[in-house]
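K.L.:
Both chains come to you apart, so use the hints to assemble them.
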Amino acid sequence: MIPEALALSAVLFTIGTVGVLTRRNAIVIFMCVELMLNAVNLTFVALSRLYGVTGQVFVVFVMTVAAAEAAVGLAIIIAIFRHGQSVNLKNINLLKG
Amino acid sequence: MPAAPGLFYQVHFYLFGLLAIASALAFVTRKSPISAALWLVSVMFNLAALYVMLGAHFIGAIQVLVYAGAIMVVFLFVVMLLNLGHADELSDIRGKWGRLAAGGIGIALLAQVMVLARTRFMPSLQPPTNPVFGGALDLGAVNNVAKPLFTEHLLAFELTSILLLAAIVGAVVLGRRKGVA
Chain A
462 MIPEALALSA VLFTIGTVGV LTRRNAIVIF MCVELMLNAV NLTFVALSRL
512 YGVTGQVFVV FVMTVAAAEA AVGLAIIIAI FRHGQSVNLK NINLLKG
Chain D
269 MPAAPGLFYQ VHFYLFGLLA IASALAFVTR KSPISAALWL VSVMFNLAAL
319 YVMLGAHFIG AIQVLVYAGA IMVVFLFVVM LLNLGHADEL SDIRGKWGRL
369 AAGGIGIALL AQVMVLARTR FMPSLQPPTN PVFGGALDLG AVNNVAKPLF
419 TEHLLAFELT SILLLAAIVG AVVLGRRKGV A
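Going down the list, the sequences are from chains A and D.
Take 462 as the starting number for the first sequence in this note's numbering and just add one per residue.
Take 269 as the starting number for the second sequence in this note's numbering and just add one per residue.
For reference, chain D alone in the conformation it holds in the complex (with noise of 0.2 Å):
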């Protein structure tokens, strides 16, 4: 991103980031979870646009190939295995009480958002005023975030592996039907 962004990147910015939020509201009110599912791909879609706008290119890469190339996929895979593509006769949403205590904590997470747009931190808290990082031009894509993945944060690496492991064997385990070995 330049200095000052042109008009043609903040028209951009701006027509991904309503299509992000117009898919989540699309999201959370489809009765269908298939419907649902397909929304908050395209959610992550704009979002990996986003992050390509923002300088992560490899972060948009994977966020379309790992998000909304397998996570979605096992989810729609899931819904597909319990057969429960079709809408219920009785809708899914809670009731006129759920949905106020819903509303209701909503707008008081959105009102702190405003709130902290207002305060004064003090400098210490302050945000650097001009990046330090100019995005994937100086390093290239994905050499930027593997430098640092693969340095400093090596124990961190490594240790996602024993998560993995751990997850997949969770999910046999669980996944696995009362007795079969």
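Chain A extracted, bound-state conformation (with noise of 0.2 Å):
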């Protein structure tokens, strides 16, 4: 079962990049990243099987970051938003000449 789990997260990974090059909605990006980031997770657990219990130790650190990647991002969109009353990246081009 683990080159399936393996060849599932691959998928998982891919349909996250393509929703990031995708979508606008700065949200739904930020959603996206935590496919990809899962997908991730799901090949930890499934290499664990087969280097030891390593793998799930650092499922708990991806976790981890994850969960204070999105309190930060969260707080940057609340604050854009704020700036410019919209999460849509069309409008977010204050780096633009």
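Since the hints were derived computationally from the structure, they do not count as laboratory data.
Take these hints with a grain of salt, some might be off.
Pairs of lysine-lysine, DSSO-like flavour, derived with a Cα cap of 30 Å [said to hold, decoys possible]:
1. D:K364 - D:K299
2. A:K557 - D:K299
3. D:K446 - A:K557
4. D:K364 - A:K557
5. D:K446 - A:K551
6. A:K551 - D:K364
7. D:K299 - A:K551
Derived CB-CB ranges, DEER-like [what the hints assert, rightly or not]:
8. A:H544 - D:T387: 44 to 50 Å
9. A:N552 - D:G438: 36 to 42 Å
10. A:N552 - D:I302: 18 to 24 Å
11. D:G438 - A:G513: 32 to 38 Å
12. A:I537 - D:I302: 38 to 44 Å
13. A:N552 - D:V279: 43 to 49 Å
14. D:M382 - A:V523: 23 to 29 Å
15. A:K551 - D:G438: 23 to 29 Å
No residue lacks a Cβ here, since even glycine has one placed at the ideal position from N, Cα and C.
P.N.:
Shown next, in the form of structure tokens:
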């Protein structure tokens, strides 16, 4: 079942990447990043059957980073929304010349 | 997981895997952020089931608690706070060229997996043939993860608390209104 789990992880990661590239809503892009993190977690758990339990320990760390990233990222999104009343990436062009 | 997984195991593994892929596809194609978030919760529940089937019971439990329970609730909370729940008349999905580029990159990523699956690695990189970790049965669901976490990886675990503190402070500072002390 480990090759199947790795293939599923690759497919989920690809879907997440395509989501990041096709969407313009900043919150949805953040959720796509979470999907990519989840796909990598599945790889860790699947390979932990072959290499020992360290992979599962690493998943705990990845989840911590994901939680921290979600908190800070959403705070940034709220700040951007206060600035421009939009979370559409089309309207976030402060650095555009 | 026994050495040769039974039909019951296989059917459920594929069922949860296909449900995860279907939910992920529904997630990236929904216009409304709320339905996208709920489809993502569905992906996470299916992944939690897969973690349990792979012997990682504790990881499956905290997947439901932390990801589906906490992180996604924060996402939904922000969507409602900013009143973004209704899909815009103008879809937020990029135009033809953006979609073509994303499709090309997606196909390239999947092609890399196909190539990797056919590549022969040198012996030192090949995975061991028989699993060293038999799942949660040998030590118990939590003890399995807790033992290495609090012995080998104790320093990383303690550093994580600094990361969380920095994230809390950062979120509060960023989310504060201008002019409020």
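K.L.:
Indicate, hint by hint, whether the structure satisfies it.
P.N.:
So, going through the hints one by one against the coordinates:
no.: 1; hint: D:K364 - D:K299; verdict: 16 Å, holds
no.: 2; hint: A:K557 - D:K299; verdict: 27 Å, holds
no.: 3; hint: D:K446 - A:K557; verdict: 24 Å, holds
no.: 4; hint: D:K364 - A:K557; verdict: 22 Å, holds
no.: 5; hint: D:K446 - A:K551; verdict: 24 Å, holds
no.: 6; hint: A:K551 - D:K364; verdict: 15 Å, holds
no.: 7; hint: D:K299 - A:K551; verdict: 16 Å, holds
no.: 8; hint: A:H544 - D:T387: 44 to 50 Å; verdict: 48 Å, holds
no.: 9; hint: A:N552 - D:G438: 36 to 42 Å; verdict: 24 Å, violated
no.: 10; hint: A:N552 - D:I302: 18 to 24 Å; verdict: 21 Å, holds
no.: 11; hint: D:G438 - A:G513: 32 to 38 Å; verdict: 34 Å, holds
no.: 12; hint: A:I537 - D:I302: 38 to 44 Å; verdict: 21 Å, violated
no.: 13; hint: A:N552 - D:V279: 43 to 49 Å; verdict: 47 Å, holds
no.: 14; hint: D:M382 - A:V523: 23 to 29 Å; verdict: 26 Å, holds
no.: 15; hint: A:K551 - D:G438: 23 to 29 Å; verdict: 26 Å, holds
Checked against the numbered hints above, the structure violates hints 9, 12; every other hint is satisfied.
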